[in-house]
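Colleague: Kindly generate the complete structure, drawing on both the sequences and the hints.
Heads up: the sequence lines are chains A and B, in that order. So in my numbering, the last one in the first sequence is 261, and the numbering has no gaps at all. So in my numbering, the last one in the second sequence is 535, and the numbering has no gaps at all.
Hint data in this document are derived by calculation from the structure and do not stem from the laboratory. Don't take every hint at face value.
In the EDC-like style, the derived pairs of lysine to aspartate or glutamate whose C-alpha atoms are separated by at most 16 Å in a straight line are [stated by the list, open to error]:
no. : chain 1 : residue 1 : chain 2 : residue 2
1   : A       : Lys15     : A       : Glu58
2   : A       : Lys207    : A       : Asp220
3   : B       : Lys447    : A       : Glu58
4   : A       : Lys182    : A       : Glu229
5   : A       : Lys77     : B       : Asp432
6   : B       : Lys447    : A       : Glu97
Going by beta-carbon spacing under 7 Å, a handful of chain B positions derived as facing chain A [to be verified]:
no. : residue
7   : Ala439
8   : Met530
9   : Gly531
All C-beta atoms in this analysis are idealised placements derived from N, C-alpha and C, irrespective of residue type, glycine included.
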Amino acid sequence: MTSVVSAEHLGLTFKTNDGDVIALSDVNLTINKGEFVSFIGPSGCGKTTFLRTIADLERPTSGTLTINGQTPDQARKSRAYGYVFQAPALYPWRTIEKNIALPLEIMGYSQTQQAERIKRTMDLVNLSGFEKKYPWQLSGGMQQRASIARALAFDADLLLMDEPFGALDEIVRDHLNSELLKLWDATKKTICFVTHSIPEAVYLSTKIVVMSPRPGRVTDVIESNLPKERPLDIRETPEFLAIAARVRDGLRAGHSYEETV
Amino acid sequence: MNAQWQNDVYRRGDIANVSATQFVLDTWNQEKPVLPTAHQVFGELWNATVLVAPNKPRSLVFHAWVTFSATALGFLMGSVLGIGLAVLIVHNEAINRSLMPWIVASQTIPILALAPLIVVIGFNIFTGTFGIPTDPARLMSKAIISAYLSFFPVAVGMVKGLRSPEAIQLDLMHTYNASPSQTFWKLRWPAAMPFLFASLKVGVAASLVGAIVGELPTGAVAGLGARLLAGSYYSQTVQIWAALFAASILAALLVIAVGVVERLVNRSMGARPA
Chain A
1 MTSVVSAEHL GLTFKTNDGD VIALSDVNLT INKGEFVSFI GPSGCGKTTF LRTIADLERP
61 TSGTLTINGQ TPDQARKSRA YGYVFQAPAL YPWRTIEKNI ALPLEIMGYS QTQQAERIKR
121 TMDLVNLSGF EKKYPWQLSG GMQQRASIAR ALAFDADLLL MDEPFGALDE IVRDHLNSEL
181 LKLWDATKKT ICFVTHSIPE AVYLSTKIVV MSPRPGRVTD VIESNLPKER PLDIRETPEF
241 LAIAARVRDG LRAGHSYEET V
Chain B
262 MNAQWQNDVY RRGDIANVSA TQFVLDTWNQ EKPVLPTAHQ VFGELWNATV LVAPNKPRSL
322 VFHAWVTFSA TALGFLMGSV LGIGLAVLIV HNEAINRSLM PWIVASQTIP ILALAPLIVV
382 IGFNIFTGTF GIPTDPARLM SKAIISAYLS FFPVAVGMVK GLRSPEAIQL DLMHTYNASP
442 SQTFWKLRWP AAMPFLFASL KVGVAASLVG AIVGELPTGA VAGLGARLLA GSYYSQTVQI
502 WAALFAASIL AALLVIAVGV VERLVNRSMG ARPA
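Modeller: Quick look at the structure:
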């Protein structure tokens, strides 16, 4: 297995007026090709910061981080990843298909390539028929699906997702989770997924990275032994609950459940 | 306000025992009233627009056109200048810090003090140095004052507009490794559109004020400002009021025109119908 993301002694400190904030401290992690890795932890544990560091949206202050053997900057310039934000961040003046075309326009794909990719990714996220709609005409769940399609459109092998379903209600979230698994299976992509929901992390992942705050660090890495085929009711099985319990233990070991003063 | 004059008229004509109704009617129909009534003003408006050929100097349409052409030219120059400055300010922190105080300072100078200077100097430079005929030179001088007044709201509005995209929308462009010009045309510019039209509406009204001010103190013979000035020289209050109404109608039409363009742009950008 080839490693897609590799972090060694990675640290990141934000300088603020109130003193330094250690967002990441001594993070060692390898993510292999085709894995579905969830990052879970309370707010302030650095899970989003880690994702942003992979995406070259933040610069690490110590340690090394490579993506496909390249620096984050090189990886970004070679368009190695697609990023899905917490909010859909669709451009309101563009139709759904034009929003998906945005990265393709920027990367200089031809009109025919654009049309072909828009069709393919819209099929993939079950949005066919909504090409000419504007974002405000779609529900929150559909908007987030469009933003996933946008991240998939240019065929990056790595998909970075920062709490993409955090703002959605649980019914829509369950539905999108199972769709995301199918999509992952169909595209064979490597996915890094930030969440603060334990069931979501266990349901989706092949590997769960438990993080804790002050300083932001990795407290446990759990390999999931759940089968690849995961119906939604897998969440009532003992295996599922055992992994969820271990995630909870990891969070507790990182003092994540303690009252913060 | 017209009572004193009316009493003088009665005294001179040895007219006594005027009924209250007659008195009021007479004050409403003086030839040179201090305060004209609505029917006099609208009568003058009607006479000076519909009943006079639009190419005669007595026609308000003629004067409105002269003022409008200076306004339009000045508005165009001011908008382009304002947008250009905003683009520079958003993309360069040094320019932001060095230019912004000057832009604000420029608007603290009373335009009424500056207008004669600009018109006289501008007119002489245009006719002398560049050898431009007098009419276009006069137009250009007024347009400069228009532009001077209108670039400010446009610049301030556009700076705000070009900075309006959210952090994640900018991050998104960063993850695509988009060039600054791609970020500008695909994100900042369309995001700034609502701000642009709000400030254009302020700007177009300011342009009109600029053009009229440019006509006031400089002995201009044509334009609504010249009409206002001539009216006040000859105590033609009806003419002043008619010119004022013509100016406000022109301003309303200009703002409506900007609004129409805004609606067309909104529709093409898929804005949610309000």
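Colleague: With reference to the structure, classify each hint as holding or not holding.
Modeller: These are the hints, each one checked on the structure:
1. A/Lys15 with A/Glu58: Given that 16 Å is the threshold and the Cα spacing comes to 13 Å, the pair holds.
2. A/Lys207 with A/Asp220: Holds: A/Lys207 and A/Asp220 sit about 10 Å apart, inside 16 Å.
3. B/Lys447 with A/Glu58: violated (23 Å)
4. A/Lys182 with A/Glu229: The hint holds at about 9 Å.
5. A/Lys77 with B/Asp432: holds (14 Å)
6. B/Lys447 with A/Glu97: holds (15 Å)
7. Ala439: holds (5 Å)
8. Met530: The hint holds - B/Met530 has a Cβ within 7 Å of chain A, the shortest such distance being about 4 Å.
9. Gly531: For B/Gly531, the interface hint holds, since the closest Cβ of chain A sits about 4 Å away, which is under 7 Å.
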